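Model the full assembly from the supplied sequences, consistent with the hints where possible.
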Amino acid sequence: MSTPTPETPPKSPNDTPSNNQEGTADERVDTAPLDSKPVVDEAVAEEVPATDISLISGENKPRHYKVDNPSFFMQRGYQVLLVLGLIAVFFLVMVYQTLFGRIEQPKQMVTIEQGQTYYGLLSQWQHVPLFSATIAKLYIKSQVDAPLHAGIYQFPANPTIAEALQVLEQGEKAAMVKVQIIEGKPSKDLYQALRDNKGIKKEVLTSDADNASIAQALDLVGILPDAVVNSNDPIVNHNLEGWFAPDTYYYGEGSSDKQVLTDLYKRQQQALTKAWENRAPNLPYKSPYEALVMASIIEKETSVAEERPLVSAVFNNRLNKGMRMQTDPTIIYGMGSRYEGNIRRKDIDEKTAYNTYQIDGLPPTPIALPSAASIEATLHPADSEALYFVATGNGGHKFTNSLAEHNQAVKDYLSVMREKKAQTLPQ
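Once you know that position 49 of the sequence shown is 49 in my numbering, the rest is easy, because the numbers rise by one and skip nothing.
Possibly wrong hints are sitting among the right ones.
Below, simulated DSS-like cross-link-like pairs (lysine-lysine); rule was C-alpha separation at most 27 Å, straight line [what the hints assert, rightly or not]:
1. 321 <-> 411
2. 346 <-> 185
3. 274 <-> 286
4. 201 <-> 258
5. 178 <-> 266
6. 266 <-> 107
7. 178 <-> 202
8. 198 <-> 185
9. 321 <-> 286
10. 274 <-> 107
11. 258 <-> 286
12. 351 <-> 188
13. 107 <-> 201
14. 178 <-> 201
15. 188 <-> 258
16. 188 <-> 198
17. 286 <-> 266
18. 411 <-> 398
19. 107 <-> 185
What the hints contain is simulated information worked out from the structure, not anything from laboratory work. Computed from a prediction, not measured in an experiment: that's the story for all the values here.
Shown next as structure tokens:
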């Protein structure tokens with residue numbers, strides 16, 4: 001009995017019977033008979049799960065296909081369109097806000113000076129959300145083909161720029177009249193200018209009007225001290241001196257004197273209130289009205305802008321020291337129609353309600369129409385200890401701290417005037 005020869009294991013993984021190059025094709029086929037079944041180790045079969053044939057064939061499993069899947073460039077295009085759409089919406093909102101956004105302000109009269117332009121008014125609408133000055137300028141350029149006319153225009157409450165343009169365009173169609181009030185002139189000159197203006201309708205300044213009737217017609221109750229309202233002095237009684245802002249104005253032809261005077265009063269009141277609220281400390285004035293009185297004196301004493309705070313300082317220092325103001329324009333105003341162009345010694349010695357050589361403190365009312373600059377100077381005097389000033393004869397004034405210096409300045413002034421007089425005498 002022969003002993004079976006043990007099968008030699010393959011020398012490498014490829015040395016399996018199926019890869020043996022020495023075997024013939026027939027031999028390879030015979031190794032797997034058709035009717036034979038593969039021998040499977042039962043232990044191994046229990047450990048390895050059966051393969052699901054559906055995972056291989058795909059049978060009984062529905063297939064899904066992606067449709068309408070945009071390319072990268074199509075997605076990019078949608079994003080660009082979205083951004084452009086948002087920009088367009090923002091622009092349209094900006095256009096709407098620029099033309100129809102409302103500025104918060106009450107119904108009021110607006111003065112347009114000679115030479116002003118439409119573009120100069122745009123700053124009033126800068127606080128409107130999304131307001132664009134560029135869009136506003138383009139709108140004005142497309143809608144307006146004539147320059148802005150000087151005048152007084154009544155704006156409605158909370159106007160849009162489109163509404164304001166409609167109001168301003170009426171200036172081209174309306175005839176305007178000029179009303180000029182010079183700083184330092186008395187209110188009687190203003191009254192007369194309005195009476196003489198044929199384009200102004202007379203409602204207040206009738207031929208028999210006096211201080212009391214004018215104040216009553218303008219309904220300016222409570223702005224004058226009781227001492228002024230109840231005074232027996234015809235110059236003082238109900239005198240509205242100082243309460244009208246001097247300037248050059250343009251009004252529509254047919255405007256009433258009541259409208260003009262009311263407008264000028266409101267402007268002066270606004271200037272006085274603003275300056276009073278921001279006044280310097282330790283001033284001798286107990287009320288805004290007293291400051292208005294002083295502003296009128298400063299306006300009469302100098303026409304040099306930079307001198308106003310110094311003149312204010314002189315009078316401020318005098319009042320604080322209990323000195324009399326001793327200012328010549330108060331003498332003139334107290335004389336009324338009796339003033340003939342010169343102040344004489346008897347005029348200085350005459351005690352009137354206004355003569356500050358003879359009375360202590362301020363006169364009872366202003367003596368002229370003061371400018372806003374003089375009101376500001378009154379409430380913001382220069383830092384100076386000067387107590388005197390006198391004209392130099394060459395323009396302006398000499399300010400001094402002592403009486404001796406003042407007397408010398410007076411001598412210098414008289415010397416200059418003598419020289420000028422000698423030069424003008426015929427040879």
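Now the hints, each set against the structure:
no., hint, verdict
1, 321 <-> 411, "holds (26 Å)"
2, 346 <-> 185, "holds (25 Å)"
3, 274 <-> 286, "holds (16 Å)"
4, 201 <-> 258, "holds (9 Å)"
5, 178 <-> 266, "holds (19 Å)"
6, 266 <-> 107, "holds (13 Å)"
7, 178 <-> 202, "holds (15 Å)"
8, 198 <-> 185, "holds (21 Å)"
9, 321 <-> 286, "holds (16 Å)"
10, 274 <-> 107, "holds (20 Å)"
11, 258 <-> 286, "violated (30 Å)"
12, 351 <-> 188, "holds (23 Å)"
13, 107 <-> 201, "holds (22 Å)"
14, 178 <-> 201, "holds (13 Å)"
15, 188 <-> 258, "holds (15 Å)"
16, 188 <-> 198, "holds (18 Å)"
17, 286 <-> 266, "holds (21 Å)"
18, 411 <-> 398, "holds (12 Å)"
19, 107 <-> 185, "violated (30 Å)"
Hints 11 and 19 from the list above are not met by this structure, while the remaining hints are.
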